[in-house]
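Student: Start from the sequences and build out the full structure, keeping to the hints where you can.
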Amino acid sequence: MNETIVMPKLGMTMTEGTITEWYKEVGDPVEKGEPILTISSEKLNQDIEAPISGVLLKKHGEVEDELEVGAVIGVIGAEGKTASTETKKVEQPHAEKSKTSERVSVATVARPVKQASTKTRIFITPLARRMAEKENLDIAHIKGTGGNNRITKRDIERVLVNGVDVEVEATAERTTQAVSVDLSAVGEGLSPMRKAIARNMRGSLAQTAQLTLHRKVNADPLIDFQKVLRKEIESGELDVKLTLTVLIARATVLALQELKKMNSLYHDGQLTEFDEVHLGIATSLEDGLLVPVIKDAHQKTIGSLAKEMKDITEKARSGAADGNLLSGSTFTITNLGASGIEYFTPILNAPETGILGIGALQDELALAEDGAVKSVKKIPLSITFDHQIVDGATAAEFLTMLVGYIESPYRLVL
Amino acid sequence: MTERKLTFMSAITEAMVQSMRKDETVILIGTDVAGGAEVDHLVHDDGRYDDAFGGVFGLSKGMVTEFGRERVIDTPIAEHGYFGAAVGAAATGLRPIAELMFNDFVGFALDPILNQGAKMRYMFGGKAKIPLTVRTVHGAGAGAAAQHSQTLYGMFGAIPGVKVVVPSNPYDAKGLMLAAIEEDNVVVFSEDKMLYGMKGDVPEEYYTIEIGKANVVREGTELTIVAIGKMVQVAQEVANRLAKGDISVEVIDLRTIAPWDQETVLNSVEKTGRLIVIDESNPHNNTATDIASVVADKAFDYLDGPIKTVCAPNTPVPFAANLEKAYIPDADKVLKVAEELIADLRKVSTI
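Residue numbers (numbering that gives the first Met the number 0), protein chains in the order written: chain C, 0 to 413; chain D, 0 to 350.
Hints are computed from structural coordinates only; laboratory data are not their basis.
Even for Gly, the Cβ is constructed at its ideal location relative to N, Cα and C.
Cut-off 30 angstroms, straight-line C-alpha distance, at most; resulting in silico cross-link-like pairs (DSS-like, lysine-lysine): (1) C:K259 / D:K335; (2) C:K314 / C:K230; (3) C:K376 / C:K299; (4) C:K377 / C:K226; (5) D:K198 / D:K4; (6) C:K299 / C:K8; (7) C:K377 / C:K240; (8) D:K198 / D:K324; (9) C:K142 / D:K297; (10) C:K377 / C:K306; (11) D:K335 / C:K142; (12) D:K270 / C:K133; (13) C:K260 / C:K299; (14) C:K260 / D:K335; (15) D:K118 / D:K21; (16) C:K230 / C:K240; (17) D:K332 / C:K142; (18) D:K243 / C:K260; (19) C:K133 / D:K297; (20) C:K314 / C:K226; (21) C:K309 / C:K377; (22) C:K8 / C:K309; (23) C:K142 / D:K243; (24) C:K142 / D:K270.
Covered stretches of chain C (chain D as the covering partner; in silico rule of three or more C-beta atoms under 8 angstroms from a C-beta of chain D): (25) 126 to 137; (26) 144 to 152.
Going by beta-carbon spacing under 8 angstroms, a handful of chain D positions derived as facing chain C: (27) G272; (28) F299; (29) D300; (30) Y301; (31) L302; (32) D303; (33) G304; (34) E339; (35) L340; (36) A342; (37) D343; (38) L344.
Tutor: Structure representation (structure tokens):
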């Protein structure tokens, strides 16, 4: 039996991968589990192992070829066997050396190339279709509100009655469509990671209504608290450093559980609020950025949050993060404090609804109650939110909750 | 017309009695329909007969006393035999009502119905009429297990030449029974045993309800629910519950499942654009799937969503009470299925 190797899907958003290196040549023997080639996608490099022992019979792409997820990359067979019948079919016409040979070679070359644009099918009921045809409406510009997002009679009626509405919706549709078409070209010529970042960022800006709120929080209580906890945690068996970021992450988790609207994903016309918090931690690399995820952050103590944050960021930096670690977040934290940045406007890690930016800790002069001037440590916070899903008041409420936790840090362990 | 309440069961008895009084060619034949009354060894010394039960559900109680053993005929437990006799009697001038105690026993009675009764008028060039009424009982819910609880009217409905009537309430039961007896073709009259105790207004006088005509029991504009027999109650509950969310449901009591009333159903679907059919039969090759296929064909351009059927699962009827309850279609199941159809009605268009 021949076994095909296909382009794996390494993350929720991965649609294609690039062959970066072939370790084997056609005809080489391979052992089950032995790496045959390496691919890169979005943010990752991954070795692909032989599913069976045998001989590499066929390569369906060369280095730097981009293949869709699920596309066949190569074929492994028992020694002496030829590649699958599929390959034979392609070769047969070759033998005839007729005029068809040209077409065949084109087809063979075209194989790994991306197939016709994956235009999504529009679901519409027979009645709505008939009405749309009668009224000469372009169904591509009508939002379906029926089951399975079908366009129904009611949608047609809404569009017929509310002309403005049609305009709005039509433009909205068009923008998304235009962007999604454009996105395929975004990041062209960049490294796979930069390309993925380019697409994600452009996609995020195009598909959400982002707005950032800023405020400062008095960090003195948190710093005192950190000192107390450090003694406990760092003297224990846990070999971790308890950073302010960890404590703010804990505060974020608690605030998200109180305000679930901020802990939500809006994707394919569906808004999902989560009880669980999977916290993305933006991690900078030499030439890029990864967001490894602390899964089930709401179930973790401060100590284990600290440990996990260290683990995942190290993994991400060393290139050892797999697709599982880099996907599934419901909210993201990004910290530019180390670079002295105060406020900034983080871009949403779409389809999330919020991202928290943490700025640099700084000394400020403040008036104490008795009128004396004293020094206070403050941390600037920035929350970017999707104004489609929540309003400024909600985001402000979220920041206020966060400030509440940071200024009364004992609540973090309650 | 007086306001008089009768049970579903008594309405059927009254229909049989009235037709037998009106037309002396009407006879009743079946296992236990006389219930042993007037059998010699049951005669008391003073000449009185035991008051027999009259059928397994007591529907024909007292009838043998009024009409005699010549017209209310107890048979051995031999369905093939007495259904053969009933078909012969129908072909030669009588109007028999033959009772198949449970529709689950159809295997024993099928040949006379399927291959004789349903064919004679056709094969004899119209020279024979077969005015036979087959009374039988279907339905789960009584804890009667897999062999006495099935819903098989759809099997009869698949036979050309057989009309099948499934009443949903006492009024319809009487009117449809009298119409079935008057009908010159084989009519299967299928009674849901769970409806026997249902009470409703039933006029005392003789009246018939047209076979082949459905009844719109509730008018609505946004969703059509076609229901059969006791499922009409389920449909009405669904309609009530959806009405609270301002969704207007039209409920059609199919009354006759063969030939079912295409005109009424199609008109309704053309109005509402949405259709759910509730049928307690097993889910494949049944009346609901037949209705769905005809509507998908003839009203395609009027459909504003997929046609949904809500049926029993593809299993025998379970005996355990909780499983049996789960087996029978109910309002919650219908509402769950309805969700896909009414999603757009629920969404308030704000823009």
